[in-house]
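Given next are the chains, with one letter for each unit.
Number of protein chains: 2
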Amino acid sequence: MIGPGKADLLEAIRETGSIAEAGRRLGMSYKRAWTLVETLNATFAEPVVESRRGGAGFGGAALTALGETALSHYRRLQAKAARASAAEVAALRRLRADSAERK
Amino acid sequence: MIGPGKADLLEAIRETGSIAEAGRRLGMSYKRAWTLVETLNATFAEPVVESRRGGAGFGGAALTALGETALSHYRRLQAKAARASAAEVAALRRLRADSAERK
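Heads up: the protein sequence lines correspond to chains H and S, in order.
When we follow full-length UniProt numbering, the leftmost residue of the first sequence carries the number 1, and every step to the right adds one.
When we follow full-length UniProt numbering, the leftmost residue of the second sequence carries the number 1, and every step to the right adds one.
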């Protein structure tokens, strides 16, 4: 439903106030950014991004309240997952060819 | 270094005793399965898969001790991450359009 790419896009939309600008920042085409936003909006019970296209040369986008809620759940999910798996990640790193601990 | 696809491949190699058969089971080309194994073997300090090609009509592959260790760290990592993030995943699911809890 939401993954790292979509979460980054939501965050960039919040920061830039623009779907096009958010996409550019993430190296995504305009079309790709819009498609992801449409997918997200269809996934959730209400839109997560609201956009105003055009209008006296002004267009813009912002996260809705639901968008903010979904993004913050996702960031907490990532933080908790990273914290919980840190010891296993460290153990895997120590098995790597380039691990300083083995050199 | 190791992700869900590579972990599944290691597990399938352990179960089938064959890189080709493991790849087939995962819907992967022979070449793709071999490339992933080579990448994994180069990533870790020692090979994670050992293979015997041919030899009186017999070829086979098995995880090395390091391969077993890496795979079990990765599976624990996944389990811990899933457990730690379960509440956030549930919260996100409740925000979805198709959530039974909202219907």
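Hints are not guaranteed to be accurate.
The calculated DSBU-like cross-link candidates involving lysine-lysine, where the alpha carbons are at most 30 Å apart (straight line), are [said to hold, decoys possible]: (1) S:K6 to S:K80; (2) H:K80 to H:K6; (3) S:K80 to H:K6; (4) S:K80 to H:K80; (5) S:K31 to H:K80; (6) H:K6 to H:K31; (7) S:K31 to S:K6; (8) S:K31 to H:K31.
Because the hints were derived from the structure by calculation, they are not lab data.
We went through each hint and held it up to the structure:
| no. | hint | result |
| --- | --- | --- |
| 1 | S:K6 to S:K80 | 18 Å, holds |
| 2 | H:K80 to H:K6 | 18 Å, holds |
| 3 | S:K80 to H:K6 | 23 Å, holds |
| 4 | S:K80 to H:K80 | 10 Å, holds |
| 5 | S:K31 to H:K80 | 37 Å, violated |
| 6 | H:K6 to H:K31 | 14 Å, holds |
| 7 | S:K31 to S:K6 | 14 Å, holds |
| 8 | S:K31 to H:K31 | 33 Å, violated |
When held up to the earlier numbered hints, the structure conflicts with 5, 8 and fits the remainder.
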